[in-house]
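Given only the sequences and the hints, what does the whole structure look like? Please build it.
Residue numbers (this note's numbering), protein chains in the order written: chain A, 1 to 338; chain B, 339 to 689; chain C, 690 to 998.
By construction, these hints were calculated from the structure, which means they are not laboratory data. Hints are not guaranteed to be accurate.
Label pairs and their in silico Cβ distance ranges [to be verified]: (1) C:S915 - A:M218: 50 to 60 Å; (2) C:A853 - A:F52: 43 to 53 Å; (3) B:V466 - A:F115: 49 to 59 Å; (4) B:V659 - C:S915: 11 to 21 Å; (5) A:F115 - B:P677: 42 to 52 Å; (6) C:E774 - A:L51: 35 to 45 Å; (7) C:Q801 - A:L44: 41 to 51 Å; (8) A:T116 - C:E733: 18 to 28 Å; (9) C:V741 - B:N530: 33 to 43 Å; (10) C:E782 - A:F52: 27 to 37 Å; (11) B:V489 - A:R15: 57 to 67 Å; (12) C:E733 - A:P211: 37 to 47 Å; (13) B:N530 - C:P874: 34 to 44 Å.
Idealized CB from N, CA, C, for every residue including glycine.
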Amino acid sequence: MSMALTQPQMSQPWRTTLVCIALGLLVVVLALISIALGAVPLSLDRVVAGLFGGPDAFIISQYRLPRVVIAILSGAALALAGLFLQVALRNPIASPDVVGITKGAGLGAMLALIFTPPAWIVWSVPAGVILGAALVALLLLAIGRGLGGGITTLALVGVSLGALAQAVMQFLMVRYPRGIDQSMVWLAGSTYGSTVADIISLSIWLLACLPAVVILAMMLDVSTFGDDTLKSLGLSPNVVRAGLVLTAVALTAGAVASVGSIGFLGLLAPHVARLMVGPRARHLVPATALTGALALLLADLIGRLVALPNEIPAGIVASVIGGPYLFFLLLWEARRRG
Amino acid sequence: MSNKDKGAAAFTAAPYQPDTGWSARMHLRPTWLFALILALLFAAAVGNLMVGAAGFSVEQSLRALFLPDTSVETALIWEVRLPRVLLAVLVGANLAVAGVLIQTLTRNPLASPQTFGINGGAALAIVVAVIAVPGLSGGSTVVPAFVGAAVIGMIMWILSLSNAITPLKLALAGIALQLVLAAMVQAVLIANNASADIVYWLAGSVTTAQWSKVWTILPFSLVGIVVAIAGGHHFGLLALDTSTGMSLGQNARRTGGLASALIVILAGSSVAVAGPIGFVGLMVPHIVRTLVGEEQRTVLILSVAAGPLLLVAADLGGKLVAYPAELPVGIITAILGAPAFLPITWRNRNQ
Amino acid sequence: MIGLVSARLMRALRPAFAVAVLTMSAPIAAQAQDTRTITHELGETTITGEPVRIVALEFSFVQALDSLDIVPVGIADDNQPERIEQNLGKTIEYSSVGTRLEPNLELISVLQPDLIIADERRHGAIYEQLSAIAPTIVLNSWDGSYEDIKQAVVTIADAIGDKAKGEQVVADHNARMAEIASKIPANDKRFMLAVATADNWSLHTSASFSGSIFAAIGVKTALEASEPVESGVGLERLVAINPDVLLVATDPGGTIFNQVQDNSAWQAISAVQNGLVFEVNRNQYARFRDLRTAELIANDVLSKVFNVQ
Numbered sequence: 001m002s003m004a005l006t007q008p009q010m011s012q013p014w015r016t017t018l019v020c021i022a023l024g025l026l027v028v029v030l031a032l033i034s035i036a037l038g039a040v041p042l043s044l045d046r047v048v049a050g051l052f053g054g055p056d057a058f059i060i061s062q063y064r065l066p067r068v069v070i071a072i073l074s075g076a077a078l079a080l081a082g083l084f085l086q087v088a089l090r091n092p093i094a095s096p097d098v099v100g101i102t103k104g105a106g107l108g109a110m111l112a113l114i115f116t117p118p119a120w121i122v123w124s125v126p127a128g129v130i131l132g133a134a135l136v137a138l139l140l141l142a143i144g145r146g147l148g149g150g151i152t153t154l155a156l157v158g159v160s161l162g163a164l165a166q167a168v169m170q171f172l173m174v175r176y177p178r179g180i181d182q183s184m185v186w187l188a189g190s191t192y193g194s195t196v197a198d199i200i201s202l203s204i205w206l207l208a209c210l211p212a213v214v215i216l217a218m219m220l221d222v223s224t225f226g227d228d229t230l231k232s233l234g235l236s237p238n239v240v241r242a243g244l245v246l247t248a249v250a251l252t253a254g255a256v257a258s259v260g261s262i263g264f265l266g267l268l269a270p271h272v273a274r275l276m277v278g279p280r281a282r283h284l285v286p287a288t289a290l291t292g293a294l295a296l297l298l299a300d301l302i303g304r305l306v307a308l309p310n311e312i313p314a315g316i317v318a319s320v321i322g323g324p325y326l327f328f329l330l331l332w333e334a335r336r337r338g
Numbered sequence: 339m340s341n342k343d344k345g346a347a348a349f350t351a352a353p354y355q356p357d358t359g360w361s362a363r364m365h366l367r368p369t370w371l372f373a374l375i376l377a378l379l380f381a382a383a384v385g386n387l388m389v390g391a392a393g394f395s396v397e398q399s400l401r402a403l404f405l406p407d408t409s410v411e412t413a414l415i416w417e418v419r420l421p422r423v424l425l426a427v428l429v430g431a432n433l434a435v436a437g438v439l440i441q442t443l444t445r446n447p448l449a450s451p452q453t454f455g456i457n458g459g460a461a462l463a464i465v466v467a468v469i470a471v472p473g474l475s476g477g478s479t480v481v482p483a484f485v486g487a488a489v490i491g492m493i494m495w496i497l498s499l500s501n502a503i504t505p506l507k508l509a510l511a512g513i514a515l516q517l518v519l520a521a522m523v524q525a526v527l528i529a530n531n532a533s534a535d536i537v538y539w540l541a542g543s544v545t546t547a548q549w550s551k552v553w554t555i556l557p558f559s560l561v562g563i564v565v566a567i568a569g570g571h572h573f574g575l576l577a578l579d580t581s582t583g584m585s586l587g588q589n590a591r592r593t594g595g596l597a598s599a600l601i602v603i604l605a606g607s608s609v610a611v612a613g614p615i616g617f618v619g620l621m622v623p624h625i626v627r628t629l630v631g632e633e634q635r636t637v638l639i640l641s642v643a644a645g646p647l648l649l650v651a652a653d654l655g656g657k658l659v660a661y662p663a664e665l666p667v668g669i670i671t672a673i674l675g676a677p678a679f680l681p682i683t684w685r686n687r688n689q
Numbered sequence: 690m691i692g693l694v695s696a697r698l699m700r701a702l703r704p705a706f707a708v709a710v711l712t713m714s715a716p717i718a719a720q721a722q723d724t725r726t727i728t729h730e731l732g733e734t735t736i737t738g739e740p741v742r743i744v745a746l747e748f749s750f751v752q753a754l755d756s757l758d759i760v761p762v763g764i765a766d767d768n769q770p771e772r773i774e775q776n777l778g779k780t781i782e783y784s785s786v787g788t789r790l791e792p793n794l795e796l797i798s799v800l801q802p803d804l805i806i807a808d809e810r811r812h813g814a815i816y817e818q819l820s821a822i823a824p825t826i827v828l829n830s831w832d833g834s835y836e837d838i839k840q841a842v843v844t845i846a847d848a849i850g851d852k853a854k855g856e857q858v859v860a861d862h863n864a865r866m867a868e869i870a871s872k873i874p875a876n877d878k879r880f881m882l883a884v885a886t887a888d889n890w891s892l893h894t895s896a897s898f899s900g901s902i903f904a905a906i907g908v909k910t911a912l913e914a915s916e917p918v919e920s921g922v923g924l925e926r927l928v929a930i931n932p933d934v935l936l937v938a939t940d941p942g943g944t945i946f947n948q949v950q951d952n953s954a955w956q957a958i959s960a961v962q963n964g965l966v967f968e969v970n971r972n973q974y975a976r977f978r979d980l981r982t983a984e985l986i987a988n989d990v991l992s993k994v995f996n997v998q
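Shown next, in the form of structure tokens:
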């Protein structure tokens, strides 16, 4: 587990290009498989026809396609958020869920689910998610600054905020038990019920984040040698760090508002990408986004198919796959270094 | 030093070292402190006995306690409130001692049965076992609890042996592990439509305490705490051996193995009777060390009294805050404990 | 942010649009049959003709349809067909569309329904997609009172084009309930339905479905409250409320009900001392929430508690 972007390595543009093309192809293939497979078996010509209308239009265009697109966008957003947090906090296991941002978003959503009428939740939940995530991130930066400690302190402040949000969520579940089932599924994270309108919202949101992602990727690319390089280039490491955290929050909020609090993607996708393309930002950013998209797409497909006609929320599939990977990663790390 | 190491140096903590800073100057006499904590515990316990959903007067409660008869008050005091207080005492002591041991063993100030995922492992194993074997309840849940706690404990123990993983990173690894386990519990619950039924247990609660639960945890508490205190000196040596993790001698390894087993027994049996109650095992050892310093046996003995004090007082708070409804004690400890992360992190910021 | 909100607005407006398109695109059916506008929890839905392929996403809707002599083509039965059998007291032919929590929209769409009946709390978020499949009415089953449930029967009857029959069903039900109520001797016993889970109790109050059934047959509920359920309580609360009649709803498998039997505080409860504790099925008493269940509870009270047949 090499620390993000602190290790100089020969640039490998050809390798990165190959990896990204391969990942992109895999995403497309998996997306097509996801559209073709489901609770209702459809022949290939009916699938194609369904894209343009006809009797299967609902299943293909309004049910499976939106889920696939949402999974790709959210997966990429969560993975990038994880990468940025890992870099900003210089910690290989920082991710939106570990440092409490996802929990803050979840708390905001839960407050909205419980305290607004069912008819409002279409907009009150996204609003709660954004407010919750932003509040945790601002507290994170403010308290981290106040404590004046190093970067690890920041990560643990995030953990503490996440624990507090979790405690309040538990309090809400106990005091307002009527919405527990819905809250649990939402907290687990699922693409169930995604619509074309969701795609539009999320795309606009992510497009707005895109300039920040590109600029940060370019800055990180030059800061390969750490804070000193940034300073010599006239960039304040703290500003870059705040930019990374805030962009991560925006990406997380968008994804969580669409699919709920899916964990582990932000933790694992950057690692897998790093194994494939090495630590340089210009390689890592696209590879991480594609890996995240691929992972959530796969988790969603498995969740839809494995227990027909029931669904297993994609977030749970991600955890069940991601959990063992994390064990493996930690043990491997311990053996390699110990 | 390579560039990489230089970059890493900013947040690489040295192995956990006893705190000899400002807190060392204000250490109290352990004996007096012990007496004080016991007095507070007694007061909190009596207060807890006086308060409950049935809401009868202090006088009625005291009469039922000391002059038991056949009244409803007597039945409630002796069969509901007393086992509840005792259960809180035992669970508090278990978690606090487990916290001291795990912080010593891993030389990590952020270690606790909860932050290292041991409570989570026990909870997952219990949830799976209860759903797989519907009749399973009461005392028999300690078996899956031990298995779950042991598996996670083993993983964290192996990780902690690696000298390359710093304490703070190890703590983050544990927290990540805890998140995985929580997600898996959620998965099992959603798949079985059982979320609403089990949310109280999952928050950590002593609301449904009975004598049977007290008898379930008592032997494990007694054995675990007695052995921990008797071996306190040896465990203390583990804390002092900060040179390298891998150079622990044969005896030290054996001691480490024993400490691990104790942690599993203490934490696992707590989860089996009261659910995964968090933050007691993290906060109590820190508070005690701040007050009396580092001597291992002293810390252990004081934690045996301070853990119950925290949990009994928190349970009293949980009874009062939404009276006559009750909040699970685990939610109270979490709301108190989550901010406690901050000062602990602050104290270790320079390592 | 603005983008998000505007897209959300679009999404909110979409069902109305979809319905408009749907009604325009079915001119042949429209000229032959009448068109009704059903007002429900999430707005108004226009229904043309008499729907016959109906998908029901909650248990109580299934029973309501059964009382109107209609067998739904699809039911969100949590993949436990035995619950439907238990609910209706007979076996019917239908397709499962998955769980009530997350019904499978693909399976609903291939059934080609002409009416979907959904619950506000559980399915409010997918109303738009359901409306894209078929005209959808959203009623309140999960949070609904006894009166809501009765009203739902009439609304469903209206939606399938026979409102009079729905009113008749409710009138018959009221008559049967009144008959049961008349047989119940005058008493001041305080009744309670308590759900026993593996580790704690959930007490159903006067605002719950069972509470309103008790009120309908003229017996008191032990716990007066505005929230329907008090969850996660311990034995002490139960002792403090001290009901005279206790109906303990359990699922198969061990519950806390088994664990408290020897506790002297439990034995001090009035219902236990009078031998008026009855273990009942949790599906029927706490999950179904329909008119048949109401009559079943009322009859149980009459026969078990007052020994009147």
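Do the hints match the structure? See the list:
1. Checked against the hint of 50 to 60 Å, the C-beta distance between S915 (chain C) and M218 (chain A) comes to roughly 58 Å, which is consistent with it.
2. For A853 (chain C) and F52 (chain A), the Cβ-Cβ distance of about 44 Å falls inside the hinted range of 43 to 53 Å, so the restraint holds.
3. Against the hinted window of 49 to 59 Å, the Cβ-Cβ separation of V466 (chain B) and F115 (chain A) comes to about 34 Å, which falls outside the hint.
4. Restraint check, V659 (chain B) to S915 (chain C): a C-beta distance of roughly 20 Å satisfies the suggested window 11 to 21 Å.
5. The hinted range of 42 to 52 Å is not satisfied by F115 (chain A) and P677 (chain B), whose Cβ atoms lie roughly 24 Å apart.
6. Checked against the given bound of 35 to 45 Å, the beta carbons of E774 (chain C) and L51 (chain A), roughly 40 Å apart, stay inside it.
7. In this structure the supplied range 41 to 51 Å is violated for Q801 (chain C) paired with L44 (chain A), their Cβ-Cβ distance being about 22 Å.
8. The beta-carbon spacing between T116 (chain A) and E733 (chain C), approximately 22 Å, falls within the hinted interval of 18 to 28 Å.
9. A hinted range of 33 to 43 Å holds for the C-beta pair V741 (chain C) and N530 (chain B), which are about 35 Å apart.
10. Hint check: E782 (chain C) to F52 (chain A), Cβ distance near 35 Å, so the stated range 27 to 37 Å holds.
11. The beta-carbon spacing between V489 (chain B) and R15 (chain A), approximately 38 Å, falls outside the hinted interval of 57 to 67 Å.
12. In this structure, E733 (chain C) and P211 (chain A) meet the distance hint of 37 to 47 Å, their C-beta atoms being roughly 44 Å apart.
13. About 43 Å separates the C-beta atoms of N530 (chain B) and P874 (chain C), a value consistent with the hinted range of 34 to 44 Å.
Checked against the numbered hints given earlier, the structure breaks hints 3, 5, 7, 11 and satisfies all the rest.
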